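Trainee: Build out the structure end to end from the sequences listed, making use of the hints.
Here's the letter readout for the chains.
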Amino acid sequence: MSAIVDARALVREYRMGEEIVHALRGVSLAVHEREYVAIVGPSGCGKSTLLNLLGVIDRPTTGELSIAGERVDRLSDARATDFRLRRIGFVFQRFYLMQALTARENVELPLAEAGMAGTERRDRALDLLDYVGLRKRERHRPSQLSGGEQQRVAIARALANRPALLLADEPTGELDAYTGAEMIALFERLNADGTTIVVVTHDEDLARAAKRVVHMRDGEILG
Amino acid sequence: MIATLALSSLIRHRARTALAILGVAVSAAMLLDMVMLSSGMRESFRSLLLSQGFQLRLSPKGTLPFDTEATIRSADSLVALLRSRATVAAVSPVLGGQLHFAVGNATLTATALGVDPAVQGDYELIAGHSPTAPDEVVVNDAVLRALGRAVGDTVRAAAGYDPQLRTLSGQRVLRIVGRVRFIYLALDQRAAALPIATLRAMNGPASAGRASLAMVRLRPGVDVDRERAALEAQLRTVTVISTSEALKQVDERLSYFRQLAVILGAVSLVVGFLLVTTLVTVSVNERIGEISVMRAIGVRRWRVVAQILLESSVIMLVATPVGLALGLVTARWLNSILARFPGLPERIDFFLFQPSAAWTALGLLALSGVLAGVYPSWRGASLPIATTLRQEAVG
Numbered sequence: 000m001s002a003i004v005d006a007r008a009l010v011r012e013y014r015m016g017e018e019i020v021h022a023l024r025g026v027s028l029a030v031h032e033r034e035y036v037a038i039v040g041p042s043g044c045g046k047s048t049l050l051n052l053l054g055v056i057d058r059p060t061t062g063e064l065s066i067a068g069e070r071v072d073r074l075s076d077a078r079a080t081d082f083r084l085r086r087i088g089f090v091f092q093r094f095y096l097m098q099a100l101t102a103r104e105n106v107e108l109p110l111a112e113a114g115m116a117g118t119e120r121r122d123r124a125l126d127l128l129d130y131v132g133l134r135k136r137e138r139h140r141p142s143q144l145s146g147g148e149q150q151r152v153a154i155a156r157a158l159a160n161r162p163a164l165l166l167a168d169e170p171t172g173e174l175d176a177y178t179g180a181e182m183i184a185l186f187e188r189l190n191a192d193g194t195t196i197v198v199v200t201h202d203e204d205l206a207r208a209a210k211r212v213v214h215m216r217d218g219e220i221l222g
Numbered sequence: 000m001i002a003t004l005a006l007s008s009l010i011r012h013r014a015r016t017a018l019a020i021l022g023v024a025v026s027a028a029m030l031l032d033m034v035m036l037s038s039g040m041r042e043s044f045r046s047l048l049l050s051q052g053f054q055l056r057l058s059p060k061g062t063l064p065f066d067t068e069a070t071i072r073s074a075d076s077l078v079a080l081l082r083s084r085a086t087v088a089a090v091s092p093v094l095g096g097q098l099h100f101a102v103g104n105a106t107l108t109a110t111a112l113g114v115d116p117a118v119q120g121d122y123e124l125i126a127g128h129s130p131t132a133p134d135e136v137v138v139n140d141a142v143l144r145a146l147g148r149a150v151g152d153t154v155r156a157a158a159g160y161d162p163q164l165r166t167l168s169g170q171r172v173l174r175i176v177g178r179v180r181f182i183y184l185a186l187d188q189r190a191a192a193l194p195i196a197t198l199r200a201m202n203g204p205a206s207a208g209r210a211s212l213a214m215v216r217l218r219p220g221v222d223v224d225r226e227r228a229a230l231e232a233q234l235r236t237v238t239v240i241s242t243s244e245a246l247k248q249v250d251e252r253l254s255y256f257r258q259l260a261v262i263l264g265a266v267s268l269v270v271g272f273l274l275v276t277t278l279v280t281v282s283v284n285e286r287i288g289e290i291s292v293m294r295a296i297g298v299r300r301w302r303v304v305a306q307i308l309l310e311s312s313v314i315m316l317v318a319t320p321v322g323l324a325l326g327l328v329t330a331r332w333l334n335s336i337l338a339r340f341p342g343l344p345e346r347i348d349f350f351l352f353q354p355s356a357a358w359t360a361l362g363l364l365a366l367s368g369v370l371a372g373v374y375p376s377w378r379g380a381s382l383p384i385a386t387t388l389r390q391e392a393v394g
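Going down the list, the sequences are from chains H and X.
Using numbering that gives the first Met the number 0, read the first sequence as starting at 0 and increasing by one per residue.
Using numbering that gives the first Met the number 0, read the second sequence as starting at 0 and increasing by one per residue.
Hint data in this document are derived by calculation from the structure and do not stem from the laboratory.
This one's a predicted model, so the numbers in the text were calculated from it and none came from an experiment.
Errors might be hidden in some of the hints.
Between beta-carbon pairs, the in silico distance windows are [what the hints assert, rightly or not]:
1. H:E17 with X:W358: 49 to 59 Å
2. H:R78 with X:A324: 46 to 56 Å
3. H:E203 with X:W377: 53 to 63 Å
4. H:E12 with X:A324: 55 to 65 Å
5. H:R78 with X:Q353: 17 to 27 Å
6. H:G146 with X:P383: 21 to 31 Å
One side only, chain X facing chain H, incomplete, derived with CB under 8 Å [unchecked claim]:
7. Q258
8. V261
9. E289
10. G297
11. R302
C-beta: ideal position from N, C-alpha, C; glycine also.
Mentor: Structure, rendered in structure tokens:
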């Protein structure tokens with residue numbers, strides 16, 4: 000299997016006033032196609048920073064990063080945006096759905112941005128909602144959905160443009176145990192269907208469901 | 000999709016959106032009023048001067064029409080000379096004076112205009128007819144009301160009055176043959192017009208052959224400025240003023256009005272600009288998480304900017320016609336107040352609606368509103384995604 004993620008010696012430093020914060024201290028990581036990787040570690044260990052770099056919403060201070068065979072550590076803003084649109088799927092802890100849009104419209108948003116025509120877009124959005132079990136809720140707005148339902152809509156949105164990599168940041172963090180378990184099952188199904196997943200979590204059950212667990216501490220990967 | 004997001008953002012905050020629209024509309028109304036005020040009096044005066052088609056006015060040398068009590072000597076020969084010119088279509092001599100009407104033991108004074116009824120350009124007939132005989136007079140409503148008379152009645156009038164001796168001179172019995180509206184006089188100013196020969200006769204020998212003013216209507220196609228220069232060179236005892244020169248005089252006298260209007264108009268523009276900037280900035284600040292997520296899932300920066308600009312554009316698009324209507328209503332109201340200034344001709348409007356100027360002003364406001372949204376929207380779309388999402392998650 001080819002490497003979807005190829006991170007080499009990633010360093011990420013932030014300047015906070017006079018002080019320099021070393022969020023990542025030379026992280027190297029390879030994630031292969033169809034892999035399901037959980038990144039775990041204490042708060043502030045750098046796992047979300049790593050996820051942001053993998054999602055191309057942040058740039059490493061030094062190091063090299065390739066996603067799906069393309070160097071992404073020095074992309075311009077426009078190219079990074081386009082890369083995220085077509086190659087990366089994001090799931091956030093707080094779902095972050097557009098409150099003004101219905102469930103279906105939220106899923107359609109990245110499809111519309113990618114230039115997909117109306118009818119095709121609608122069909123694709125409905126298929127994805129069907130996949131996450133929310134077809135009947137297509138016309139509901141986020142405020143009319145439960146937390147678990149909102150997260151499933153967010154997952155459908157993340158899958159919209161058939162990304163090479165699905166990234167999830169604490170996807171069960173805002174859910175109760177029962178709904179969290181449903182989410183874990185959904186991630187397993189996604190991976191079984193061929194989606195490469197990297198998830199950052201404190202949730203031990205979610206981490207256990209992953210095929211590989213990466214432990215981090217103080218900006219470094221352990222072991 | 001972007002349009003849906005923009006509109007729903009406005010709908011979500013209905014009260015705020017409504018207040019913003021109202022604020023921009025008030026700003027637009029004020030800007031429109033100031034634009035109307037800056038050009039209104041000038042245009043109104045121009046249309047007043049040209050309303051009867053006289054392009055040139057001849058007054059005693061060194062004076063403006065009716066600015067002093069000076070009169071033109073040998074006015075009849077001047078009028079004959081003017082009428083003999085191929086370029087001249089009509090000449091209307093006017094002699095200004097006063098009529099003192101006897102009302103019981105008292106007298107009632109009115110402005111008197113001695114005119115040539117066949118070519119006069121000083122009044123519009125409302126009822127009756129213009130004087131056709133020497134003892135006929137036309138008066139305005141203010142005189143009719145004060146005298147308690149009607150068209151067809153006769154009145155005793157004098158051209159002179161000595162208040163110490165309480166004696167009238169140059170008395171005549173005149174028959175009121177018409178009810179008129181004087182074009183250049185104030186609405187409440189009592190005034191009458193009678194044949195110029197009658198007024199001269201009533202004034203006595205001092206007025207013989209004199210006129211205060213001669214108005215000249217040129218034939219179509221004649222160059223007004225060239226004719227004015229030619230007349231001024233030929234006629235040494237008069238000042239010849241064209242409508243454009245009269246307007247220059249008006250412009251000079253009204254310059255402070257225009258400056259005030261420009262300053263207040265600029266203030267309106269700035270207020271509209273700041274209002275939209277504030278609104279869009281607040282809106283962007285409230286939605287930085289949403290904006291960052293949009294950027295994270297691949298929505299292009301310019302699309303985010305476009306969405307926010309669309310919001311400000313919708314506010315402007317709705318507010319502008321509201322402002323237009325509000326501006327027209329307030330202009331009419333203010334005009335009715337200002338029109339009560341004493342001595343102003345009835346037809347003078349302070350606020351004149353000129354579509355091109357109005358649309359320019361409102362277009363300027365709309366543009367400033369949209370531009371006001373550019374910076375905050377670009378700033379919102381340029382926020383560092385990862386940092387913003389982390390702060391939002393912590394918040």
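Trainee: Is it true that E12 of chain H and A324 of chain X lie within 55 to 65 Å of each other by Cβ?
Mentor: Given about 58 Å between the Cβ atoms, the range holds.
Trainee: Verify the CB-CB distance for R78 of chain H and A324 of chain X against the hinted window 46 to 56 Å.
Mentor: 48 Å, holds
Trainee: Does Q258 of chain X pass the interface check with chain H, least Cβ-Cβ distance below 8 Å?
Mentor: 47 Å, violated
Trainee: Check the following: the C-beta atoms of E17 of chain H and W358 of chain X are separated by a distance inside 49 to 59 Å.
Mentor: 56 Å, holds
Trainee: Does the Cβ-Cβ separation between E203 of chain H and W377 of chain X fall within 53 to 63 Å?
Mentor: 43 Å, violated
Trainee: Are E289 of chain X and chain H close enough, Cβ to Cβ, to be under 8 Å, as the hint says?
Mentor: 6 Å, holds
Trainee: Do R78 of chain H and Q353 of chain X keep their Cβ atoms within the hinted range of 17 to 27 Å?
Mentor: About 51 Å separates the Cβ atoms of R78 of chain H and Q353 of chain X, which means 17 to 27 Å is violated.
Trainee: Can you verify the interface hint for G297 of chain X: is its Cβ closer than 8 Å to any Cβ in chain H?
Mentor: Nearest chain H Cβ about 3 Å off; hint holds.
Trainee: Double-check V261 of chain X for me: the hint is only fine if its C-beta lies closer than 8 Å to a C-beta in chain H.
Mentor: 42 Å, violated
Trainee: Checking hints one by one. Is R302 of chain X an interface residue toward chain H, by the C-beta closer than 8 Å rule?
Mentor: 7 Å, holds
Trainee: Kindly confirm whether 21 to 31 Å is satisfied by the beta carbon distance between G146 of chain H and P383 of chain X.
Mentor: Once the Cβ atoms are compared, 27 Å apart, the range 21 to 31 Å for P383 of chain X and G146 of chain H holds.
The earlier numbered hints that this structure contradicts are 3, 5, 7 and 8.
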